[in-house]
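Engineer: Residue-level listing of the chains:
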Amino acid sequence: MDDFLTIIAIIISLNAVVCLYRAAVGPTTQDRVLGVNIVGTKTLVVVVLITFIQAESFFLDVAIVYALLLFVVTVALSRYLEAEGWEEMK
Amino acid sequence: MAKDIVAAAFCCIGTFFFLLGTTGLLRMPDIFTRLHPSTKCDTLGACSVIIGMAVYSGWSWDVFKLILIACFLLLSSATCGHAIGRSALKRDIRYWRKESGEVDDGHNA
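Protein chains in written order, with our numbering: chain A, 1 to 90; chain B, 91 to 199.
There's no promise every hint is true.
[Unchecked claim] Some residues of chain B that are not near chain A, with every Cβ distance over 10 Å (derived):
1. Trp149
2. Ala173
3. Tyr185
4. Arg187
5. Lys188
[What the hints assert, rightly or not] Derived CB-CB ranges, DEER-like:
6. B:Ile95 to A:Tyr80: 44 to 52 Å
7. A:Ala76 to B:Ile103: 25 to 33 Å
8. A:Ser57 to B:Leu116: 33 to 41 Å
9. B:Ala92 to A:Asp3: 17 to 25 Å
10. B:Tyr185 to A:Asp3: 43 to 51 Å
11. B:Leu110 to A:Phe4: 33 to 41 Å
[Claimed, not checked] For the chain A half of the interface with chain B, some residues (derived, Cβ under 7 Å), not all of them:
12. Ile11
13. Leu14
14. Thr41
15. Ile50
16. Phe59
17. Ala63
18. Tyr66
19. Val75
Just so you know, the hints here were simulated from the structure itself, not pulled from any lab data.
Built from N, CA and C at the ideal position, the CB exists for glycine as well.
Sequences and hints are given; from them, build the entire structure.
Structural biologist: See below:
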């Protein structure tokens, strides 16, 4: 079962690397925020999988804090980008 | 063992939805259509994998933490998608139109 979980974690990590393409070349800044959000969610799932691969229970606390931090970062960036007079980053 | 089979099935479903989300994020034409597969990838994919891990871990305190993470992801991914979509709407990013057939990059709005 550990080998299976390792394979799942590797597949999700490769997905996250592919999603970095949208965060790098996304035409608008909202695309970049969305790509970073998706990469963060996949990292969260990989941390949860590492908890059971390594059989170390404290990684779940790291996952909870990571989920909270990801939510705050995305909402704060979105509210910041809503502001008037903000120039589009080319 | 039955527990491992159920956990493996949930993990496979979650990985499949992650693949769908990644494909949609790369292939969709503008930000509003990209929001749709990416939030599905958050809710269905991540919550399936986390529920599978909750089944695999058995009865312990880890189950409550995993259910807490899953419930928080259900709330936060919808809120993040709405916040990004409202931000794009207020910045007047143009939609992709099927008639023109061209991908609008948002700079010529």
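Engineer: Run every hint past the structure and note whether it holds.
Structural biologist: Consistency of the hints with the structure:
no. : hint                            : verdict
1   : Trp149                          : 14 Å, holds
2   : Ala173                          : 4 Å, violated
3   : Tyr185                          : 12 Å, holds
4   : Arg187                          : 16 Å, holds
5   : Lys188                          : 18 Å, holds
6   : B:Ile95 to A:Tyr80: 44 to 52 Å  : 46 Å, holds
7   : A:Ala76 to B:Ile103: 25 to 33 Å : 32 Å, holds
8   : A:Ser57 to B:Leu116: 33 to 41 Å : 36 Å, holds
9   : B:Ala92 to A:Asp3: 17 to 25 Å   : 19 Å, holds
10  : B:Tyr185 to A:Asp3: 43 to 51 Å  : 46 Å, holds
11  : B:Leu110 to A:Phe4: 33 to 41 Å  : 21 Å, violated
12  : Ile11                           : 6 Å, holds
13  : Leu14                           : 9 Å, violated
14  : Thr41                           : 5 Å, holds
15  : Ile50                           : 11 Å, violated
16  : Phe59                           : 10 Å, violated
17  : Ala63                           : 6 Å, holds
18  : Tyr66                           : 9 Å, violated
19  : Val75                           : 5 Å, holds
Violated hints, listed in ascending order, are 2, 11, 13, 15, 16, 18; each of the other numbered hints is respected by the structure.
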